[in-house]
Each structure stands twice: as structure tokens, then as C-alpha cells.
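Protein chains: 2
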Amino acid sequence: MALYYDEVFEDSVRFGVKVKETLHSEQSEFQKVEVIDTTRFGRMLVIDGIFMTSERDEFFYHEMLVQPAMCTVAEPKSVLIIGGGDGGSAREVLRHAEVERCLMIEIDEAVVRVSKEWLPTIGRAWNDPRLEVRFANGVAFVKESESRAFDVILVDGSDPVGPAEVLFSKEFFEGCRRLLKPGGVLALQSESPIYFRDTFDQTQRRLMDAFEVVRPYFGPVPTYSAGIWSWTFCSDSVDPLKPLDARVEAMTTDSKLYNGDIHRAAFALPNYLRRTTTSG
Amino acid sequence: MALYYDEVFEDSVRFGVKVKETLHSEQSEFQKVEVIDTTRFGRMLVIDGIFMTSERDEFFYHEMLVQPAMCTVAEPKSVLIIGGGDGGSAREVLRHAEVERCLMIEIDEAVVRVSKEWLPTIGRAWNDPRLEVRFANGVAFVKESESRAFDVILVDGSDPVGPAEVLFSKEFFEGCRRLLKPGGVLALQSESPIYFRDTFDQTQRRLMDAFEVVRPYFGPVPTYSAGIWSWTFCSDSVDPLKPLDARVEAMTTDSKLYNGDIHRAAFALPNYLRRTTTSG
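Chains as they are written, first to last, in my numbering: chain L, 1 to 280; chain P, 1 to 280.
Simulated from the structure, these hints should not be mistaken for lab results. Idealized CB from N, CA, C, for every residue including glycine. Warning: the hint list may mix true and false statements.
Label pairs and their in silico Cβ distance ranges [as the list claims (entries may be wrong)]:
hint: 1; chain 1: P; residue 1: D198; chain 2: L; residue 2: L3; range: 20 to 28 Å
hint: 2; chain 1: P; residue 1: E249; chain 2: L; residue 2: E21; range: 22 to 30 Å
hint: 3; chain 1: L; residue 1: K143; chain 2: P; residue 2: E165; range: 55 to 63 Å
hint: 4; chain 1: P; residue 1: D198; chain 2: L; residue 2: E21; range: 42 to 50 Å
hint: 5; chain 1: L; residue 1: Y272; chain 2: P; residue 2: P120; range: 17 to 25 Å
hint: 6; chain 1: L; residue 1: R274; chain 2: P; residue 2: T121; range: 19 to 27 Å
hint: 7; chain 1: L; residue 1: E29; chain 2: P; residue 2: V166; range: 55 to 63 Å
hint: 8; chain 1: P; residue 1: P120; chain 2: L; residue 2: P182; range: 53 to 61 Å
hint: 9; chain 1: L; residue 1: E29; chain 2: P; residue 2: T253; range: 52 to 60 Å
hint: 10; chain 1: P; residue 1: T253; chain 2: L; residue 2: K116; range: 46 to 54 Å
hint: 11; chain 1: P; residue 1: R130; chain 2: L; residue 2: A97; range: 35 to 43 Å
hint: 12; chain 1: P; residue 1: T121; chain 2: L; residue 2: L3; range: 31 to 39 Å
If we strip away everything but chain L, and leave its shape as in the complex, we get (with noise of 0.2 Å):
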């Protein structure tokens, strides 16, 4: 008999899918990881009981991780991404003819192997010779790494309870402004405006300390519920509101949601934001 899976929220309001079947589920080293297959989302990845993405909604949130960093940043050669095991970010990166490697730094091969399994249209790109995948502590190696190795730094962590904490640190967010290249770019999901304001709030200020340039962006991600969802667009540097026309133009022909209308509406502040959000 098919049974809603609940993602709940503080105790005062729950999203929840009907699921057909349950496809994996294991305790990795790091988190509970599970594929669940449903009726209106297809299949979905679950860690430790929140929702990460899905077949049919990936693209809300991979597109615009993704896409306003790439077309926006002179020269995309050289790619990290820190999390993003679901392989969504790096397709969307490969996608740039530009890119010359692209490296990704997954702390649980958990989320790497269950997603090759269970979601390989969400992870197209596996095989591109340009991508690297590495099993190792994001922070670590964003500590460890040589200075201006990066035009663009892509942060796909999930919510910081857990293991994901500490990729919403002052000190990582000083670090990743270590390894970008003058002019690059770092882009993270910063949460729920609604839900995690908070978080969304400390973010922004944290995020203001290390760079010259913060600017949240937001759009919709149906499967995470409250309405409206957060990243931001940080660098020394580079105007979020001038990507490049022909990037822009290669990129909109195959996305499901990006062009370059909604690149700049994205950056829109609602009144409600606007306290908390004066840099860039």
C-alpha cells in the first residue's frame, strides 16, 4: 500500500510524497541515505529524512545553482564543486564547452554510488573526461588547496545540521574566496529565506565579511516546500546582472527553466529581504 514520506519542519509544518516504493536505503558513514520512488515526482534522493532533490523538479535547482555563476564569470576553465554527490551540479557545469576540469568534492561515496544507481538522469555527465571525483572533507580540502586555482567555486551542500554545517562558516566561505581567481565566482544554496531566515540572515552577513560582492538570488524548488528558495552569488568582482549574451543564449536552448530573463529577475529582493541584504 502506498504511504506518504513526510519531510517535516520544526514541528509546525511537513511536505509530503506519496511513495510507490522504496529503492535503497542504508546508513553511510555520514547520514542515512535512501531512494524513494513516488507518484508525482518520480525518483527522489532522502538524506537523513529531508528531501534533496528529485527526478522531475532537479532542474529548479540545479539550473540556478549552476547557471547564473557559469554565464556570468569571464572564463569558466576551472570548476569545484564541494557536495553535489547527486551529479545535477556537475552536468549542469559540463554543459560549457569552456570548462576545462571540473572538480567535485564529496565527503560520502554513499551519495555518489546510490545516485549512479538510482538517478542516472540526474547525473549525466559521470563520464565526462573533464570531471574529477574525489571522496574527501569539502573543508579540508578548501583549507589545504592552493590559492586562485578556481573561476568558479559551486557549494551543493545540504541544510547545516549534520555534516554540512561547517560549509556555512565564516572560515570556509574565507577560503573558498582564497581559492577563486580574481574575477571568479562562488555560488552556495543559502536556504529557505522563509523557513531558515536565520540561517538565511547569518549566511548573507557571513558570506558579506569575505566578499566585496553577496547577492542572494531565489526561485522556486517544488519539492522543498515553503514557496520560495535561496542561493547566492558572491565574488570580488562581477556584476550578478551582466551575463554574457551568447553564454546565456547556449545555455537557455537546453535548460528547462534558465534564460536570461529569469537570470535577472532571480536577483529581485522582495521588500521583506531587503534589511538584511545591502552589499553588492
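For this one, chain L is given, so just place chain P on it according to the hints.
Below, chain P alone, put in the same frame as chain L:
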């Protein structure tokens, strides 16, 4: 003991809010009208099991239904609201000093009575002398009214099942067109383009048969759960992307959400919707 009240969509997804108390419940002539007190969103109006609005997130819906039309039409003196029994849309209309008359045609007196009693922060303009509330059938009203009577018409109905279904018909849209003055604007809620894609597409097509300018626009409504909601701006001639600066500025001051950037950004069309929406 507190329990979750779930809104279920097509037995495939559900969105639940934790309820402290049911404040009111009645079966009116038309529908079941409830007010629940929730831990997350404050008091919520629920009609036939569907979340209509809540104290904490009502501005996401009401500002976006009302302000794009009101800030763009040249002289919004005479405004018609079909539905809108919670009073939030009338409140947004009456913020404009230019309004001389706002007529609300609500089919169900229970919605107004219950909203006045339990949701006074939403319908703050009930005592404004420019507002007239009539309990009547909106479709019949539109059919029988004289032409060219209104500068703005706002359709603030529930989902197109039950009493609100006729508010999505071709005849009704043509009637609205007839009631508008030249240069007037119709704005309506046009459902989730994700969960109600068929309704969204059909509504766009019907509107395009009745109006020269038909532009859907988008925004989050947290208690609507699908990640994104749509409204549609319709006119014989008015460009929704040219709001009047002075009016936008006046509204921005006291809005929780609305400003000129949000106005323009809302009209950005994601690729997955570009096929159906080619007018305007």
C-alpha cells in the same frame, strides 16, 4: 493534542500545518468554511479543505494579485473585485488614493463574516467608505453589468472546482473584457503552473481569446506549497512591464513584498512555460 491539517493534491503530495485549535467551522450554502490557528502561519482560512490564506503569508498572495495591475493602469478610479471575501485584496486596492470606488462581489457571505471575525488583520479596510460589498454571483453580475464601468477587475477566487469553476470560463473572461474601460486591466489568480499545469495552460488560451495582452506572472506563496503560484495580467493595450514609477514608489513604502524590481521580475517566463504563453 496538536495535529496536522493536510491539504492533499491529487493523492500524490500533501502539505500540512500543525494546528493549535480550530476556531471556526461551518458548512455555508456553498462550501465548508474553516478557520484554524496554526503554529507556523497564525490563523488560516480553509475552504473545502484547501488553504486559502493565512495571517503570516497572506501578503505574498494579495500584494501580487493586486499591485501589478493597480500600479500600471493609468487611473484606477473604479475597481471591481470578484471573490476576495477575506478582504485582503480590497485592502490592497484601497491603499491607492486614486480609487474612488471598490465594489466586491462575493458569492458567500460566510467567508466575509468569518474573515471579519477571525482574520481582522487581513481585511483591514472593511470600514473604508469607498468599499461596497455585495453578496451575489460574480458570473451573473458580470453578465448583467453595463460595459466599460471599471478601470481594474481583480478575480480572487479559489481553485476551479466547486463554485469557482465558472470564474475560469471563456464567457466570464469575455464579460470581464466588456466591463473594462479602454486601457483597463484584469488580473486574476491563475493557479500553480506546476501542479495545475493543464488548468494554467487552458486559462492562458481562454484569456488570449478575450484580450490582446495576456501575461502570466509568478511568485511564491508559502502556504500554497507548490513552490510557485501564478497570476495573469490582461488588457486591451497596457504593457505590464511599464508600471508607473510614482505609484510603484508609493506602494513600495508600505508593502511587505512588492516593489518595482519584484513587479518586473515576476513576469520572467521559465523555459518550461514558454510554449503556452506567447501573447502580449
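Structure-based check of each hint:
no. : hint                           : verdict
1   : D198(P) to L3(L): 20 to 28 Å   : holds (27 Å)
2   : E249(P) to E21(L): 22 to 30 Å  : violated (54 Å)
3   : K143(L) to E165(P): 55 to 63 Å : holds (60 Å)
4   : D198(P) to E21(L): 42 to 50 Å  : violated (27 Å)
5   : Y272(L) to P120(P): 17 to 25 Å : holds (21 Å)
6   : R274(L) to T121(P): 19 to 27 Å : holds (22 Å)
7   : E29(L) to V166(P): 55 to 63 Å  : holds (58 Å)
8   : P120(P) to P182(L): 53 to 61 Å : holds (56 Å)
9   : E29(L) to T253(P): 52 to 60 Å  : holds (53 Å)
10  : T253(P) to K116(L): 46 to 54 Å : holds (53 Å)
11  : R130(P) to A97(L): 35 to 43 Å  : violated (60 Å)
12  : T121(P) to L3(L): 31 to 39 Å   : holds (38 Å)
Of the numbered hints given earlier, the model fails hints 2, 4, 11; all others are met.
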